[in-house]
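> So you can see what is in the structure, the chains are spelled out below.
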Amino acid sequence: MPGKLKVKIVAGRHLPVMDRASDLTDAFVEVKFGNTTFKTDVYPKSLNPQWNSEWFKFEVDDEDLQDEPLQITVLDHDTYSANDAIGKVYIDIDPLLYSEAATVISGWFPIYDTIHGIRGEINVVVKVDLFNDLNRFRQSSCGVKFFCTTSIPKCYRAVIIHGFVEELVVNEDPEYQWIDRIRTPRASNEARQRLISLMSGELQRKIGLKVLEMRGNAVVGYLQCFDLEGESGLVVRAIGTACTLDKLSSPAAFLPACNSPSKEMKEIPFNEDPNPNTHSSGPSTPLKNQTYSFSPSKSYSRQSSSSDTDLSLTPKTGMGSGSAGKEGGPFKALLRQQTQSALEQREFPFFTLTAFPPGFLVHVGGVVSARSVKLLDRIHNPDEPETRDAWWAEIRQEIKSHAKALGCHAVVGYSESTSICEEVCILSASGTAAVLNPRFLQDGTVEGCLEQRLEENLPAGCGFCHIPYDELNMPFPAHLTYCYNCRKQKVPDVLFTTIDLPTDATVIGKGCLIQARLCRLKKKAQAEANATAISNLLPFMEYEVHTQLMNKLKLKGMNALFGLRIQITVGENMLMGLASATGVYLAALPTPGGIQIAGKTPNDGSYEQHISHMQKKINDTIAKNKELYEINPPEISEEIIGSPIPEPRQRSRLLRSQSESSDEVTELDLSHGKKDAFVLEIDDTDAMEDVHSLLTDVPPPSGFYSCNTEIMPGINNWTSEIQMFTSVRVIRLSSLNLTNHALNKNFNDLCENLLKSLYFKLRSMIPCCLCHVNFTVSLPEDELIQVTVTAVAITFDKNQALQTTKAHVEKSLQRASTDNEELLQFPLELCSDSLPSHPFPPAKEHLESASSNSGIPAAQRDRCSSWIELIKLKAQTIRRGSIKTTVTVEKTSPMGEGNFRNRSAAPCANSTVGVVKMTPLSFIPGAKITKYLGIINMFFIRETTSLREEGGVSGFLHAFIAEVFAMVRAHVAALGGNAVVSYIMKQCVFMENPNKNQAQCLINVSGDAVVFARESELEVVSTQQPAANCQPACTGGEVTT
Amino acid sequence: MTSELDIFVGNTTLIDEDVYRLWLDGYSVGDAVALRVRSGILEQTGATAAVLQSDTMDHYRTFHMLERLLHAPPKLLHQLIYQIPPSRQALLIERYYAFDEAFVREVLGKKLSKGTKKDLDDISTKTGITLKSCRRQFDNFKRVFKVVEEMRGSLVDNVQQHFLLSDRLARDYAAIVFFANNRFETGKKKLQYLSFGDFAFCAELMIQNWTLGAVDSQVDDMDMDLDKEFLQDLKELKVLVADKDLLDLHKSLVCTALRGKLGVFSEMEANFKNLSRGLVNVATKLTHNKDVRDLFVDLVEKFVEPCRSDHWPLSDVRLFLNQYSASVHSLDGFRHQALWDRYMGTLRGCLLRLYHD
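Those protein sequences? They're chains A and B, same order as listed. Counted the way the working numbering counts, the first sequence spans residues 550 to 1590. Counted the way the working numbering counts, the second sequence spans residues 33 to 389.
Mixed in with the good hints there might be a few duds.
[To be verified] Below, a list of computed lysine to aspartate or glutamate pairs in the EDC-like style, where the Cα atoms sit at most 20 Å apart:
1. B:Lys276 with B:Glu301
2. B:Lys178 with A:Glu1512
3. B:Lys107 with A:Asp633
4. B:Lys220 with B:Asp330
5. B:Lys107 with A:Asp572
6. A:Lys1294 with B:Asp389
7. A:Lys1545 with B:Glu36
8. B:Lys164 with B:Asp154
[To be verified] Derived list of chain A stretches under chain B, where covered just means 3 residues or more per stretch with a C-beta under 8 Å from a C-beta of chain B:
9. 1098-1110
10. 1268-1275
Hints were generated in silico from the structure; no laboratory data involved. Beta carbons are placed, not taken as given, at the ideal position from N, Cα and C, and that holds for glycine.
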């Protein structure tokens, strides 16, 4: 009996009127966990009942605690007929199961009904008493922390990064059970919500077990998805990266120390064990090994005893404590060997992380991806996970071999997705092939790591660009040059990756969002014919998406893509491809060449003229973009350094080919044969249109930037003014004009218009950057295209940026010479250090106008001078044997600490309802995350049979999304948090039937609930950590009053 | 290509003040878009008309969803669905409950009933305010009236507490509720020169001095209804004009005091009896509901108009009214000094406010 769950129902408010006669409600509450139900008394005739119930106690297994949600149902008592349900609240009690997360869940929860939406609120208090049970044959994995964040969470330090964990569970979809024909839509929706809640609990528990088995204590980059397969079932699957995390717990960790975890490593004695569970599980490990296989994909019968893989695996990751890390004679070859051996033991050396501790990422090969088309109705035994496991294993194997072909032994920024239409399912996986530093992968002492790092002598800011593969034996035709930064290693001319921009990368200018959009018509077909048709189309789509990306990148004058995400969506009669990435100019890579246009009929004079006109337009665009994104690569640097450049620039331009992006690993040669890819041949009207569409992509209005990565290269001075939003658009295609070309145009317009609308809506936040822009496309019906965008707009202080680049270089120069340890700071942390809010924009406008006169030239001057400083500095740093410079000019917080002390906190302090921020980023600008409270993973269904009355489809979905936000915020507030980071809307499935006046929508969201404190508040209480901790919690608590 | 669905939901609800105003003013989405285009926003932002249309629709939908909460402002503060900064919440509420001067003058003192609501078409045509906006304003009046109608305590406080309005707006609503409850006639032609502010000023004085709340703060409706007993007692003032000696004495006291100080002395001397009779008769008639309703008509007819036709400057009116009220204290035969002060103190304030062109 390892756990006691205690629940108290305090009160309700704003309940709906359930009795028309009295305009009142006789409400009572049912509290259910597992199979036990308690009831409160009926509180008669009130819309604001005060139940003040006793503590309802559930004595349960911790396995159930992990799987089951607490289910609270509010009902209206009716003497004569059945009691009417008002609505429900599902509470995931998982956050109460970690030792250091939330201790109590207490607050107002919206009462949710799948037909009526939110109907009032209920105040609930939940507590858990856990008893440790050491010797038991463990089924549960209480205590393993889960993070959606795809980097090492702030205020933790990675001791070991173990690697990939995955799990998949299948169940029958209640919507397709026979009983669904006779039950009400409400009952059906609730059955589905409950089932998914149960399944994700189970999934999380199983993943947790695998983590414990690997001797880890946390999962980072946890991504859980649903596949609504229809008849064949409902799949919940998750992937993540198992880690051993250590909490940075000294009070000093708050201010300076949090910035420099590596320093922290030295100071904190390694006795701080955040989680007794991890170690207590030690004795039982052998037992576990036999029951749970690390790689279910290989051992398809998961309940059966172990396959040989896990036995060979466990000792390497778990037991080999402290060996490899310490002894490292860190020559590069050896390093690679070590890493290889560490990684090759793993079946899948994959990491879902997109940002890494400094020094972790050694080289980046390029994007690897794999897709496969499957037929769902061919699943032999649909209720069992074997078939799906096999499918995914196949794909992962392919990814692994692609990575190998690129000379890499690991894949980072790894993700998986599906697209389902009727019985056809496309499974996709993608990631970035990489070479990693082994020291985080094995158990080693911190000192060892540090020394190793110091001796490595890796060139800062460009190391990751250097090719990992053999130059003489390249996996694909690519054009290599010596690194423009260190002049020692070879680099490709273009680099595509799925990860965030490494914090130490040297970037010139700003980045921008680059999208490739594509539609392909497909004949309606059945089963195999359909699958074949799709399989045949896929390579062409990949190829075209790739070409588009490359062209757009060139047009922007940039040479690298980060955060690349290619989504292929299948519909009844078409396939859609949408690729988003953030383009940047990496200083280490060569300057991209232009785009040449060639006509097919060179004799025609007017045609020639037209071509040259187009060419001019393209050249102008490139020039304009370079100016817009402030890309001024320092041409002079070559002379200064005087290092030999293997090929003259001209030649490199001629020889440029479609290199680096490794998409060819999908068994497709993207290198255009031997032809120069950047000569665009205009041989028909389609090609002409393509060129036109390249040029019609409108840049964002001035003052706006956008990217799909965490932070925007080149902007560092975020204010605390953030606005997370979701925007959804559905268009209906008129079936008359269904040609590929018209389709492309429609889709392109849809995306462009959506972006334009966003820029317009958020214009009051200028200067501002849309970060983590995440587009998803779905094809809910034949002629409908749905695009969903979630992103966060963050205002930055333009003026501050200009002033401080210089100041910062000076400052850091000083630092570099005085304090070597300071160099070990996480630049990312610094970024989040930026200023607290100006309460309102007028001040900003003023600043802006002040800067507009002299601003831009000054910036350029600064940039030039700072560039030289940078090079000098780098030289210095390398000589000193430090591993990395923090001095990427673009990246650090400019604020003198004195500055934000004077500013007041956010103006909303006196709010009745505590403000909960939501952001898809892993940090909150101007604030420090002081505590992670647990994962938020929620699934909602909303249905209506009175669509018109609720304001049509737009009104319906608008209200629903607002409600979902509200429920997420309420849960976070009840946990004592004041923000959700790494928030993601993983699914938004919308179906309508306007003729029947009906619509249904399913939404799945997740994120990490956190407590953050403003920089300014922190300074006041920096000496007393507890005070800082409780402060935000208190404001959260006020919600209940 | 047609847009089937187009929404934007922010974690913090975006409120565009300009669009909010257009929505409150009752413009349709189409009209609002046209007005926004005319404001030059497209040129400023480089947006297209389609973007503007989508933006406007979105804001309208948000406002529509918020409207339910605006009907009970405390709900807006406690709800969890829309995260809105407090300053924005205050703005939403204040603007929603704001009203047009032209509109309020049409309905002030009328019964807030279905019947009046039917006349909103005419008011809309007459004032040029959209029918939608008229309805919102009317419903606001009615809603506030219903909520505070049977409550204890100060009217202004009650309005403020239940509708979270600013002090200024809460006072205005108190006046509207007070007028609606007592059904004071304000629509007559000769009252057209008076602004809502004039009436609101009088309402505040009357609430302070003439209602039950002025003597007892523990009764229901204390600020809504006039003190019946007080109105009954006012009959006693009749003697001031009915008793010829008393009237003459009063006149001579006033004339003596004001001789040489008043620019319009002779006119005053000639008119004294008429004016005094007018003011006292207004008091004695207040027992009848009908006459209560006509209070302002009577005041204008019996006092404001005669003085105005003789071109009394405001300063003279003030001197006269001060002396007129004060002199009664020197009338030995008159025993209702307190009553007189309660009546005349308020009336003097009202008259001075009403006395303008």
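> Against this structure, judge whether each hint is valid.
Against the structure, the hints come out as follows:
no.	hint	verdict
1	B:Lys276 with B:Glu301	holds, 16 Å
2	B:Lys178 with A:Glu1512	violated, 31 Å
3	B:Lys107 with A:Asp633	violated, 24 Å
4	B:Lys220 with B:Asp330	holds, 11 Å
5	B:Lys107 with A:Asp572	holds, 17 Å
6	A:Lys1294 with B:Asp389	violated, 67 Å
7	A:Lys1545 with B:Glu36	holds, 16 Å
8	B:Lys164 with B:Asp154	holds, 13 Å
9	1098-1110	violated (count 0)
10	1268-1275	holds (count 4)
Against the hints set out earlier in the document, violations occur for numbers 2, 3, 6 and 9.
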